[in-house]
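In order, the protein sequences belong to chains A and B. The first sequence begins at -7 in the numbering used here and counts up by one. The second sequence begins at -7 in the numbering used here and counts up by one.
Read the hints as simulated data drawn from the structure, not as lab findings. Misleading hints may appear alongside valid ones.
Any copy will do: because identical chains look the same in the list, a pair fits if it lies in one copy or spans two.
Said to hold, decoys possible - In silico lysine-lysine, BS3-like type, Cα no more than 27 angstroms apart, as pairs: (1) Lys224 x Lys333; (2) Lys113 x Lys238; (3) Lys333 x Lys256; (4) Lys215 x Lys127; (5) Lys157 x Lys58; (6) Lys106 x Lys84; (7) Lys331 x Lys143; (8) Lys322 x Lys20; (9) Lys125 x Lys113; (10) Lys190 x Lys85; (11) Lys190 x Lys329; (12) Lys20 x Lys106; (13) Lys69 x Lys47; (14) Lys113 x Lys127; (15) Lys20 x Lys331; (16) Lys143 x Lys59; (17) Lys66 x Lys324; (18) Lys127 x Lys102; (19) Lys113 x Lys101; (20) Lys58 x Lys294.
There are 2 protein chains.
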Amino acid sequence: MKYDYLIVGAGLSGSVLAERIASQLNKKVLVIDKKDHIAGHCYDYAHESGIMIHKFGPHIFHTNIKKVWDYLSKFTKWHLYFHRVLAVVEGKKVPVPFNLNSIYLLFPKKYAEKLEDLLIKNFGYGIKIPILKLKNNSNPEINFLADYIYKNVFLGYTLKQWDLKPEELDFTVTSRVPVYISRDDRYFQDTYQGIPLKGYAELVKNILNHKNITILLNTHYSKLPTDINYKKIIFTGPIDEFFDYKHGELPYRSLRFEYDEIRKSYFQEVAQVNYPNNYDFTRITEFKHFLDTESDLTVIAKEFSEEYKIGLNDPYYPIPRKENDEIYLKYKQEAEKQKNKVIFVGRLADYKYYNMDQTVAVALTVFEKNIGKK
Amino acid sequence: MKYDYLIVGAGLSGSVLAERIASQLNKKVLVIDKKDHIAGHCYDYAHESGIMIHKFGPHIFHTNIKKVWDYLSKFTKWHLYFHRVLAVVEGKKVPVPFNLNSIYLLFPKKYAEKLEDLLIKNFGYGIKIPILKLKNNSNPEINFLADYIYKNVFLGYTLKQWDLKPEELDFTVTSRVPVYISRDDRYFQDTYQGIPLKGYAELVKNILNHKNITILLNTHYSKLPTDINYKKIIFTGPIDEFFDYKHGELPYRSLRFEYDEIRKSYFQEVAQVNYPNNYDFTRITEFKHFLDTESDLTVIAKEFSEEYKIGLNDPYYPIPRKENDEIYLKYKQEAEKQKNKVIFVGRLADYKYYNMDQTVAVALTVFEKNIGKK
């Protein structure tokens, strides 16, 4: 069999590129994945109750990039949804990102009013501040608050999630969840937010549904049948694996889920409750909130973060630290040498902590700049 | 019948040690208990409504010791639960440990604000202070508050519970329930907190479920059938009983419960309401809160503290006082002489007011240090 492109990985990156190449260039694409399903870590499936389970942890689509939203909207309708997250602090469930409502829920009213005044005076209303920046503030009351938030919201969660302290990670990581001087309880403030109405696997199935695209599951790229020919590879797997770990292993965090079915209509108020201070799991996801599914029972998953070990579990999150970026740069230089034969794209190949919308944006850009115009 | 170990008492200490010896050393263990059930004072059973009743008073598992949590988690799933206790003071139900919320519920707002300010200024937010320490503070307003809390929250309760004034007990006893400059209404701040999903008896049943473990109930160690042989004894009963009270009786407090079934869904807001100032019972437990059981009726128990009398009731709490520790030390010296034949472990044998997690931790440590490595 002859193909123009072999795409390794049927996740978002691979699927978007396959679709572009098939529909815009009318070329033949073979998409392979070593797993038994498409959609990579977005993969979801219906529980017998009808609740869609996100197999690899909660996925909430959100973006400010209209082009990405419009692109995906060709393949799915959306359930309009704003993600809200509560964190258990001192036994109370308070909004995260930590905001003015969180302050009022945790502190005595008079004290909360004082802290609110100070924050608005010092930073302004509606402002987001990374916790490590807030911690550096010299005002003693703001400093007390920053220490409190650091200790009760960030420290334990980061230790569980990354096995590192907040300061040991790239500044961008804790900046993802800033302190928000606002009463907006949403986790994201993006213009476009939602859950694919029939799930992510269905969305990716629609993206891949083109006569020029062939899909082979359960197929590792090193074990492709020899009668398969292709001109170029798009590789969306771990870049270190591609180069046989010659510059060392790139570290990732992995996840493990413990599922429970509970015989009541709801287990918690929102889809996601974080436990920065209690227990070993980082958070509990209750899936029925995402699509507002009606059912007598509910399904939850406790999420445990763990070290990625090649062959034993899946790589989820690249770990954004300088020393890891340095290893990645060596692989990137190797990749440069191969650029006429192999294109590297995606969270694992770029070793970047992309959100879904960034993943799609990068794939669309790679197509436009490096593939489509040739 | 031949056994390697005879374990006297099928409570937490005895059961954990039986499991370790059976599973790690592959030795034969006979566990006996004079009662007709396992699990000692953790024992619980299902009421016809499905509500689990803690027969020997409310048991809430809480620990900061990950090793203990992980060990027990091999034998049970957990209902995630934060214990909250209210105390009836001046007819109002206020959070205990006494905290800033309690102050606002009891005092006029302006006065409460002043006291709050003073406490935060003098000790800091989020700080726990033993009542006897707060009473020694020289600031007259703090002193007034300390006297108020002492009189309304500690004195009556301690008199009922121990038949002693707070000052007459070891400092550790009143320090267990400090004054908490916080709005955290939880009774415990431990990392791991919960109730075994199917109850404590089921948990202990699972711990004891091993082919090397035999259980004999309704069996006092002094009346063991003569054809039973064993090499070593682990004794988890009262140490003074073991030595025939030769150095005098160790005093314990005992409890008595009056149960009521009430034809409404809930009797009180939380599982436990304390009555430091009214009535003769110390507290009322409403059991359905523990596992969030759904039922039309509810079951409560009024709890009365009383003197332990050998043969008439059960020993519950060792009484932590210097003069009792001195008696205990005499027994401990006797125990030392027997240490190649008999190992003493647990709340009653160590004459220590252990929480459940400490009990498990001590049993695991005794196994590791004194039994496993031989």
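Given a CA cutoff of 27 angstroms, do Lys157 and Lys58 count as a within-copy pair, a between-copy pair, both, or neither? between (35 angstroms within a copy, 19 angstroms between copies)
Are the CA atoms of Lys69 and Lys47 at most 27 angstroms apart within a copy, between copies, both, or neither? both (21 angstroms within a copy, 22 angstroms between copies)
Is it within, between, both, or neither for Lys215 and Lys127, if the alpha carbons may be no more than 27 angstroms apart? This pair counts as neither: shortest intra-copy Cα distance 51 angstroms, inter-copy 66 angstroms.
State whether the alpha carbon distance between Lys66 and Lys324 is at most 27 angstroms within one copy, between copies, both, or neither. neither (33 angstroms within a copy, 44 angstroms between copies)
Under a CA distance limit of 27 angstroms, which applies to Lys190 and Lys85: within one copy, between copies, both, or neither? Answer is between: at 26 angstroms across copies they meet the 27 angstroms cutoff, but 30 angstroms inside does not.
State whether the alpha carbon distance between Lys127 and Lys102 is at most 27 angstroms within one copy, between copies, both, or neither. both (22 angstroms within a copy, 26 angstroms between copies)
Is it within, between, both or neither when you check Lys58 against Lys294 at 27 angstroms Cα-Cα? This pair counts as between: shortest inter-copy Cα distance 17 angstroms, intra-copy 33 angstroms.
27 angstroms Cα cut-off: does Lys20 pair with Lys331 within a copy, between copies, both or neither? Within one copy, since 20 angstroms is at most 27 angstroms while 67 angstroms is not.
Tell me, please, which holds for Lys20 and Lys106 at an alpha-carbon limit of 27 angstroms: within, between, both or neither? neither (64 angstroms within a copy, 65 angstroms between copies)
With identical chains treated as interchangeable, where does the CA-CA distance between Lys106 and Lys84 reach 27 angstroms or less: within a copy, between copies, both, or neither? The answer is both: 21 angstroms in one copy and 25 angstroms across copies each meet 27 angstroms.
How would you label the pair Lys143, Lys59 (within, between, both, or neither) given a Cα cut-off of 27 angstroms? between (39 angstroms within a copy, 23 angstroms between copies)
Regarding Lys113 and Lys101, is the shortest C-alpha distance of 27 angstroms or less found within a copy, between copies, in both, or in neither? both (18 angstroms within a copy, 16 angstroms between copies)
Violated hints, listed in ascending order, are 2, 3, 4, 7, 8, 11, 12 and 17; each of the other numbered hints is respected by the structure.
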